[in-house]
Amino acid sequence: GFDGRDAGSLDWCFEYDGKASLAGLKVGINPKWFEAGENGRDASHLLTTLHDLGLETVEIELPDMPYEVFGTLIEVESAAAFEELTLSDRDDELVWQTEQAWPNTWRAAQFESAVNYVQVERLRRRLMEEMAKLFDGLDFILAPSFASQMLLITNLTGHPCLVMPAGFRELQTRPAFDPALVVKEPVVRSVPWSLSIWAPLFEEGRLVGLGHALEAHLGLINQRPPIA
Numbered sequence: 017g018f019d020g021r022d023a024g025s026l027d028w029c030f031e032y033d034g035k036a037s038l039a040g041l042k043v044g045i046n047p048k049w050f051e052a053g054e055n056g057r058d059a060s061h062l063l064t065t066l067h068d069l070g071l072e073t074v075e076i077e078l079p080d081m082p083y084e085v086f087g088t089l090i091e092v093e094s095a096a097a098f099e100e101l102t103l104s105d106r107d108d109e110l111v112w113q114t115e116q117a118w119p120n121t122w123r124a125a126q127f128e129s130a131v132n133y134v135q136v137e138r139l140r141r142r143l144m145e146e147m148a149k150l151f152d153g154l155d156f157i158l159a160p161s162f163a164s165q166m167l168l169i170t171n172l173t174g175h176p177c178l179v180m181p182a183g184f185r186e187l188q189t190r191p192a193f194d195p196a197l198v199v200k201e202p203v204v205r206s207v208p209w210s211l212s213i214w215a216p217l218f219e220e221g222r223l224v225g226l227g228h229a230l231e232a233h234l235g236l237i238n239q240r241p242p243i244a
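Residue numbers (my numbering): 17 to 244.
These are calculated hints, taken from the structure and not from any lab test.
For clarity, every value in this text was computed on a predicted model and none was experimentally measured.
Please note: incorrect hints may appear among the correct ones.
Below, in silico cross-link-like pairs of lysine to aspartate or glutamate (EDC-like), each with a Cα-Cα straight-line distance of 20 Å or less [stated by the list, open to error]:
no., residue 1, residue 2
1, Lys42, Glu186
2, Lys149, Glu72
3, Lys42, Glu219
4, Lys48, Glu75
5, Lys42, Glu75
6, Lys42, Asp152
7, Lys35, Asp155
8, Lys149, Glu77
9, Lys149, Glu75
10, Lys35, Glu231
11, Lys149, Asp80
12, Lys149, Glu137
13, Lys200, Glu186
14, Lys42, Glu72
15, Lys35, Glu220
16, Lys42, Asp155
17, Lys42, Glu77
18, Lys42, Glu146
19, Lys35, Glu219
20, Lys149, Glu220
21, Lys42, Asp68
22, Lys48, Asp27
Turn these sequences into a full structure, and let the hints steer you where they fit.
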């Protein structure tokens, strides 16, 4: 809750109006996000759906920044959270032990430079300022999940995100992380693919409103997996 003695707290609450109109609200999109990758090829209908709901789409460009360096923050902070596992060698008990697995990331993060960490935090501050400018005049940003840098960006800026199904694809059982793993008896299933919607800071209520409208308009609201 709000504490006037804490500069980091705000007197703010969650508000949601399920009957609020979406007409005229602005959604930031980048056409490239709807062309690239498997999700992109399936996602062009989302733009039509937004217009059907009365929303206005606005083409945007994300800030031009060296996004690859921000991995340092995630790696160092996660290494700090799981430091006991690393220093006690209990990280050896984790099942996934390939080169890119978390145990190796945490071990490497022990040697990260404090100076470099501070410099990346300064860059993060710049990113927060740039995203504040981008959201000025926008009510949402929408993209197929993983089609843009928005997941990484908003992990660092705090902008709220709603992830929801946008359709279904027939896909064969596959490894989640390690392509070297072999699925012995692959099965083809109808699985959802997702879109992500972001809103300005503290606009979770409006975000839920758009998600509800999209879910109903796309006809996905009653689709459930079969009962085993």
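Going through the hints against the structure:
1. For the suggested pair lysine 42 and glutamate 186, the alpha carbons sit about 33 Å apart, so the restraint of at most 20 Å is broken.
2. Restraint check for lysine 149 and glutamate 72: the C-alpha separation of about 19 Å stays at or below 20 Å, so the hint holds.
3. Distance hint between lysine 42 and glutamate 219 is fulfilled; the C-alpha atoms sit about 14 Å from each other, no more than 20 Å.
4. Between lysine 48 and glutamate 75 the CA atoms are separated by roughly 10 Å; this keeps the pair inside 20 Å, and the hint holds.
5. With a C-alpha separation of about 10 Å, the suggested pair lysine 42 and glutamate 75 falls inside the 20 Å cut-off, and the hint holds.
6. Restraint check for lysine 42 and aspartate 152: the C-alpha separation of about 11 Å stays at or below 20 Å, so the hint holds.
7. Distance check on the hinted pair: lysine 35 and aspartate 155 sit about 17 Å apart at the alpha-carbon level, within 20 Å; holds.
8. Taking the CA atoms of lysine 149 and glutamate 77, the gap is about 12 Å. The hint holds against a cut of 20 Å.
9. Under the criterion of a C-alpha separation no larger than 20 Å, the hint pairing lysine 149 with glutamate 75 is consistent with the structure, at around 15 Å.
10. Straight-line distance between C-alpha atoms of lysine 35 and glutamate 231 comes to about 15 Å, which keeps the hinted pair within the 20 Å bound.
11. A hinted pair counts as satisfied when its Cα atoms are at most 20 Å apart, and lysine 149 with aspartate 80 qualifies at roughly 13 Å.
12. The hinted pair formed by lysine 149 and glutamate 137 meets the criterion: a straight-line CA distance of about 19 Å does not exceed 20 Å.
13. With a C-alpha separation of about 18 Å, the suggested pairing of lysine 200 with glutamate 186 holds against the 20 Å cut-off.
14. Taken as a hint, the lysine 42 and glutamate 72 pair is honoured in the structure, with Cα atoms around 5 Å apart against an allowance of 20 Å.
15. Between the alpha carbons of lysine 35 and glutamate 220 the distance comes to roughly 15 Å, so the proposed pair stays at or under 20 Å and holds.
16. Among the hinted pairs, lysine 42 with aspartate 155 is consistent with the structure: their alpha-carbon atoms are about 5 Å apart, no more than 20 Å.
17. As the CA atoms of lysine 42 and glutamate 77 are separated by approximately 15 Å, the hinted pair is consistent with the 20 Å bound.
18. Taken as a hint, the lysine 42 and glutamate 146 pair is honoured in the structure, with Cα atoms around 18 Å apart against an allowance of 20 Å.
19. Restraint check for lysine 35 and glutamate 219: satisfied, since their Cα atoms lie roughly 16 Å apart, inside the 20 Å limit.
20. For a cut-off of 20 Å, the pair hint linking lysine 149 to glutamate 220 stands: about 19 Å separates their Cα positions.
21. Simply put, lysine 42 and aspartate 68 have alpha-carbon atoms about 13 Å apart, close enough for the 20 Å limit, and the pair holds.
22. A hinted pair counts as satisfied when its Cα atoms are at most 20 Å apart, and lysine 48 with aspartate 27 does not qualify at roughly 38 Å.
The structure shown violates the earlier hints numbered 1, 22.
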